[in-house]
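Using the sequences provided together with the hints, build the complete structure.
Chains as they are written, first to last, in the numbering used here: chain L, 1 to 146; chain A, 1 to 176.
Treat the hints as calculated values from the structure; they're not laboratory data. Incorrect hints may have been included.
[Stated by the list, open to error] List time: in silico DSS-like cross-link candidates among lysine-lysine, alpha-carbon distance up to 27 Å:
#, chain 1, residue 1, chain 2, residue 2
1, A, K59, A, K91
2, A, K91, A, K174
3, A, K29, L, K57
4, A, K59, A, K176
5, A, K149, L, K57
6, A, K149, A, K59
[Claimed, not checked] Some chain A residues judged to face chain L by a derived CB distance under 7 Å, without partners named:
#, residue
7, V33
8, M37
9, S129
10, G136
Here a beta-carbon is modelled for each residue, glycine too, at the ideal position from N, C-alpha and C.
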Amino acid sequence: MIRPAVLAALALLAVVLPGPLGAQDTMPPAPYAYQQLDDPKLEAEATALMHTLRCLKCQSQSIADSDAPMAGDMRHQVRSRILAGESPDQIRAWLIARYGDYVSYQPEVNSITWPLFAVPVLVILLVAGVLLRRLGKRRSDGGEAA
Amino acid sequence: MKNRFLLWVPLALFAFFAGLAAYMLTQEKDQFVASTMIGQPLPDFALDPAFAGLPGAAKADFLGGQPRLLNVWASWCLPCIAEAPQLEALKAQGVEIIGIAIRDRPEDVANFLGRYGNPYSRIGSDRISEVQLAIGSSGVPETFVIDAKGVIRYQHIGDIRADDVPVLLAELEKAK
Chain L
1 MIRPAVLAAL
11 ALLAVVLPGP
21 LGAQDTMPPA
31 PYAYQQLDDP
41 KLEAEATALM
51 HTLRCLKCQS
61 QSIADSDAPM
71 AGDMRHQVRS
81 RILAGESPDQ
91 IRAWLIARYG
101 DYVSYQPEVN
111 SITWPLFAVP
121 VLVILLVAGV
131 LLRRLGKRRS
141 DGGEAA
Chain A
1 MKNRFLLWVP
11 LALFAFFAGL
21 AAYMLTQEKD
31 QFVASTMIGQ
41 PLPDFALDPA
51 FAGLPGAAKA
61 DFLGGQPRLL
71 NVWASWCLPC
81 IAEAPQLEAL
91 KAQGVEIIGI
101 AIRDRPEDVA
111 NFLGRYGNPY
121 SRIGSDRISE
131 VQLAIGSSGV
141 PETFVIDAKG
151 VIRYQHIGDI
161 RADDVPVLLA
171 ELEKAK
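Printed below as a string of C-alpha cells:
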C-alpha cells in the first residue's frame, strides 16, 4: 500500500533534485563581479562602461544588468582593468577586437550602421519639403481666391 | 486616377512589413557570437592544472610540432558530455587536445573525466573566464584549431557532433 506512494515521492525527488545542478556552475563569482571598486570615481567609470557592453550569454542585457556567471566575469575584467589604469575606450576596443561590434550594447555610427542614422533625417527632410510645398500652394491658392 | 493608385501604397507597404516580420519570425535565429580572433595569435596565458591528474595549460604548450585543438569546456556543462565521444575519436586520430576548464573545481573535473573519458593532454583551470574572454569564446563547449605557431585558425561553437569530426580534421590539416 505504502510502497507505490514512497516510490512516487522518490521519483519526484529524483526529478527535482538535479535541476538546479545541471546548467550552472557552483563556483563563487570572480572577485570584482559584484564587488565595487573602492574609488567612487573609478567605479562610476566602470559602471558607465558596463552599461555599454552586451552580455554574451543573455544577449538582450548589458553586463551591468545580467546575473549570468559570464557577465560577472566580464564585470571583473572591466573593474580590474580600470583599476590597472586602462581607459574605458581601451577596454571597449579590447572586447570588440574579440567579439566584434556585437559586444557593444551602445549603437555606434560606422560604415555599416550609418543608414540607420541617416534615413530618419532624410525622411524628416522629405516630409518637411512636401509639407512646405503643399502649405505654400494652399496659401497661394487662398490668395488667388481672396 | 493616379491619386487613387497612390492610396494603395501605404497598405502595400504595411503588408510588405507584416510579411517580412512573419518571415523573420519563422527563421531560425543564429544565437552564436563568433570570435573575431581567427587569424590572431593566442594571447599569453598560463593556467594552473584543473586537477591533480594532468598538467596545466599555457600558450607555450601550443607552439611547435603539429596543430592542436583547444577545447573550452566545463564539468557542469551538459553538451560537453555529448561531445566527449567525438573528442575521443579525434584523439584516436592522433590529435592533441588541450582543455581549458571554465569555473570548475578539481574534484568535479576528475569526476567528469572518470565518467566520460579523458581525451586531454593538459587542462588549465580558468576560474574567472579570463582566457575564455581573451580568445573571444562566448560559451562552453567551444573548440579552436591552433596552428604550431600559436595562431587561432578555426572556431567550432557548441558541442562537436559526429559529422563535425571530419571538418575539424580537415581544418587541422589546413593549419599545418
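Each hint, compared with the structure:
1. A:K59 - A:K91: 20 Å, holds
2. A:K91 - A:K174: The given pair, whose Cα atoms are some 18 Å apart, holds under the 27 Å limit.
3. A:K29 - L:K57: Status holds; Cα separation ~14 Å.
4. A:K59 - A:K176: Answer holds: K59 of chain A to K176 of chain A is near 18 Å, not above 27 Å.
5. A:K149 - L:K57: 31 Å, violated
6. A:K149 - A:K59: 10 Å, holds
7. V33: 5 Å, holds
8. M37: 6 Å, holds
9. S129: This interface hint holds because 4 Å falls under the 7 Å limit.
10. G136: 4 Å, holds
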